[in-house]
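> Using the sequences and the hints given, assemble the complete structure.
If you read the protein sequences in the order shown, they are chains A and B.
Everything in the first sequence is counted per the numbering used here, starting at 141 for the first residue and increasing by one.
Everything in the second sequence is counted per the numbering used here, starting at 141 for the first residue and increasing by one.
Any given hint might turn out to be false.
As the list makes no split between identical chains, a pair holds if one copy fits it or if it spans any two.
Heads up, simulated EDC-like pairs for lysine to aspartate or glutamate below, C-alpha to C-alpha not over 16 Å straight-line [what the hints assert, rightly or not]:
| hint | residue 1 | residue 2 |
| --- | --- | --- |
| 1 | K269 | E319 |
| 2 | K262 | E282 |
| 3 | K193 | D211 |
| 4 | K290 | E315 |
| 5 | K290 | E350 |
| 6 | K347 | E282 |
| 7 | K347 | E291 |
| 8 | K222 | D211 |
| 9 | K161 | D210 |
| 10 | K193 | E282 |
| 11 | K151 | E315 |
| 12 | K164 | D211 |
| 13 | K164 | D154 |
| 14 | K290 | E319 |
| 15 | K262 | E243 |
| 16 | K222 | E291 |
Just so you know, the hints here were simulated from the structure itself, not pulled from any lab data.
There are 2 protein chains.
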Amino acid sequence: MRLQLTRNQQKVLDYLKQEIKENKISPSLRTAAAELAISHAAVAQTFKALEDKGYIRREGRYSRTLHILDDVGDLHIAQRQKQIPVIGRITAGLPMYARQEWEGSLLVDAKIYPGQNLFALKIQGNSMKNAGILDQDLAICEPRQYAHNKEIVVALIHHEEATVKRFFLHPDFIELRPENPDFRSQQYEFDEILIQGKVIGIVRGPKGLEI
Amino acid sequence: MRLQLTRNQQKVLDYLKQEIKENKISPSLRTAAAELAISHAAVAQTFKALEDKGYIRREGRYSRTLHILDDVGDLHIAQRQKQIPVIGRITAGLPMYARQEWEGSLLVDAKIYPGQNLFALKIQGNSMKNAGILDQDLAICEPRQYAHNKEIVVALIHHEEATVKRFFLHPDFIELRPENPDFRSQQYEFDEILIQGKVIGIVRGPKGLEI
DNA sequence: GACAAATGTCAATATGAATGTAAATGTTTT
DNA sequence: AAAACATTTACATTCATATTGACATTTGTC
Numbered sequence: 141m142r143l144q145l146t147r148n149q150q151k152v153l154d155y156l157k158q159e160i161k162e163n164k165i166s167p168s169l170r171t172a173a174a175e176l177a178i179s180h181a182a183v184a185q186t187f188k189a190l191e192d193k194g195y196i197r198r199e200g201r202y203s204r205t206l207h208i209l210d211d212v213g214d215l216h217i218a219q220r221q222k223q224i225p226v227i228g229r230i231t232a233g234l235p236m237y238a239r240q241e242w243e244g245s246l247l248v249d250a251k252i253y254p255g256q257n258l259f260a261l262k263i264q265g266n267s268m269k270n271a272g273i274l275d276q277d278l279a280i281c282e283p284r285q286y287a288h289n290k291e292i293v294v295a296l297i298h299h300e301e302a303t304v305k306r307f308f309l310h311p312d313f314i315e316l317r318p319e320n321p322d323f324r325s326q327q328y329e330f331d332e333i334l335i336q337g338k339v340i341g342i343v344r345g346p347k348g349l350e351i
Numbered sequence: 141m142r143l144q145l146t147r148n149q150q151k152v153l154d155y156l157k158q159e160i161k162e163n164k165i166s167p168s169l170r171t172a173a174a175e176l177a178i179s180h181a182a183v184a185q186t187f188k189a190l191e192d193k194g195y196i197r198r199e200g201r202y203s204r205t206l207h208i209l210d211d212v213g214d215l216h217i218a219q220r221q222k223q224i225p226v227i228g229r230i231t232a233g234l235p236m237y238a239r240q241e242w243e244g245s246l247l248v249d250a251k252i253y254p255g256q257n258l259f260a261l262k263i264q265g266n267s268m269k270n271a272g273i274l275d276q277d278l279a280i281c282e283p284r285q286y287a288h289n290k291e292i293v294v295a296l297i298h299h300e301e302a303t304v305k306r307f308f309l310h311p312d313f314i315e316l317r318p319e320n321p322d323f324r325s326q327q328y329e330f331d332e333i334l335i336q337g338k339v340i341g342i343v344r345g346p347k348g349l350e351i
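Rendered as structure tokens:
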């Protein structure tokens with residue numbers, strides 16, 4: 141069990157939790173100082189005490205990032221939730237994030253999926269079966285306009301059709317390779333393909349596991 | 141919730157919205173620079189900041205198309221977050237929540253994974269590869285002491301070894317079938333097997349997708 | 001297709017404001 | 001007396017902003 145907090149430390153910790161919940165980011169020392177009606181150095185000292193007692197963790201020197209810890213030493217839930225849009229249809233010309241294209245949003249664990257502006261895409265078909273990606277899975281993607289060899293990417297073919305495949309760059313063409321012997325690898329000219337993102341995770345719900 | 145904008149970034153975003161509304165297309169860097177009375181590179185930097193914070197999205201490299209993004213909209217997240225324990229080792233006695241067996245916790249979307257007392261289990265090995273379950277995946281499980289045919293279950297063999305396999309009940313034995321030709325299906329007496337749960341989902345992080 | 005103009009990108013650099021750190025010191029609480 | 005709490009001041013670092021100039025790419029026009 142952790143050391144107990146003094147009344148003042150508890151007050152500051154509560155304030156911090158509140159602020160982080162609202163703004164997703166910890167307030168600056170001076171902002172906190174103003175709201176708590178004390179000096180910024182006093183806040184710094186209390187933060188230090190909280191860190192020593194294992195209630196928060198701060199990163200690096202001069203860094204403004206601060207995490208609130210669980211009693212197990214884990215990140216507090218408030219900082220782990222990440223809401224990402226589930227994109228229904230990927231298009232080039234049209235705004236990909238326009239609300240019309242949304243199929244809702246998905247809540248994921250920020251501890252597992254780092255990165256910003258992630259989006260999710262519902263997989264159609266079984267062309268990536270052997271990579272463990274099945275029909276109806278949700279692919280968690282990180283926006284990217286480029287790709288490295290062997291990465292699994294979200295690509296837009298002919299500015300129209302969106303697909304998830306493994307990416308290979310050859311001297312004079314791009315190969316999008318499925319992971320399923322029933323499908324053929326396809327080759328494209330450079331101007332036929334637009335990379336939209338890299339797949340960094342998979343979420344499969346109960347429906348994907350039905351018999 | 142997106143990160144807050146600075147006053148300058150807000151000003152540029154407002155200007156952008158205005159321009160796009162009027163001309164249906166975003167202004168060039170130098171046009172914007174002229175109207176905002178700063179250099180074109182400064183505009184580019186602010187655009188980049190806006191993109192990082194998730195307020196706009198720009199397509200491709202050297203493309204002039206830019207989209208204003210909607211907010212993900214934060215309603216009812218509170219009810220959707222579900223924190224479930226990641227079990228390190230499954231034991232028979234069923235004090236599954238005993239502290240020593242913890243490997244942390246996982247935040248999932250309650251909308252996708254309904255049910256109570258769910259737990260997660262880290263998959264070891266590739267015996268279920270053809271069912272789209274890979275090594276190091278996190279299997280989301282619902283506690284259960286029974287199973288139906290063809291369901292993928294968490295079973296305890298000889299009160300010791302925990303395994304994830306497809307379940308088949310035969311007249312005088314239980315079959316636990318892997319989904320990988322490299323592994324053999326196994327048969328057990330009824331008293332050798334204890335069903336501990338049913339797999340209702342899969343969560344795979346970036347590590348599970350590395351090359 | 002060729003060429004020039006317009007446009008986006010990148011790197012290096014600079015500056016002021018905001019911010020975190022540290023030290024010295026005093027006050028209150030326990 | 002010791003710990004917690006607080007202040008003031010000086011300093012170091014980071015961030016947002018901005019500039020300039022060279023360069024790559026796209027677009028429009030002939």
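> Are the hints correct? Go through all of them and say.
Cross-check of the supplied hints:
1. K269 x E319: Both ways: K269 and E319 sit 6 Å apart in one copy and 13 Å across, limit 16 Å.
2. K262 x E282: within (14 Å within a copy, 23 Å between copies)
3. K193 x D211: within (11 Å within a copy, 31 Å between copies)
4. K290 x E315: Close inside one copy (10 Å), not across copies (37 Å); limit 16 Å.
5. K290 x E350: Classified as between; 9 Å across copies, 30 Å inside a copy.
6. K347 x E282: Between copies, since 14 Å is at most 16 Å while 24 Å is not.
7. K347 x E291: Cα proximity of K347 and E291: across copies only (12 Å, versus 27 Å in one copy).
8. K222 x D211: So K222 and D211 pass the 16 Å test across copies only (13 Å; inside, 21 Å).
9. K161 x D210: Answer is within: at 15 Å inside a copy they meet the 16 Å cutoff, but 21 Å across does not.
10. K193 x E282: between (36 Å within a copy, 14 Å between copies)
11. K151 x E315: neither (58 Å within a copy, 43 Å between copies)
12. K164 x D211: This pair counts as between: shortest inter-copy Cα distance 15 Å, intra-copy 20 Å.
13. K164 x D154: Close inside one copy (15 Å), not across copies (23 Å); limit 16 Å.
14. K290 x E319: Within one copy, since 11 Å is at most 16 Å while 25 Å is not.
15. K262 x E243: Within one copy only: 9 Å inside, 29 Å across.
16. K222 x E291: neither (24 Å within a copy, 31 Å between copies)
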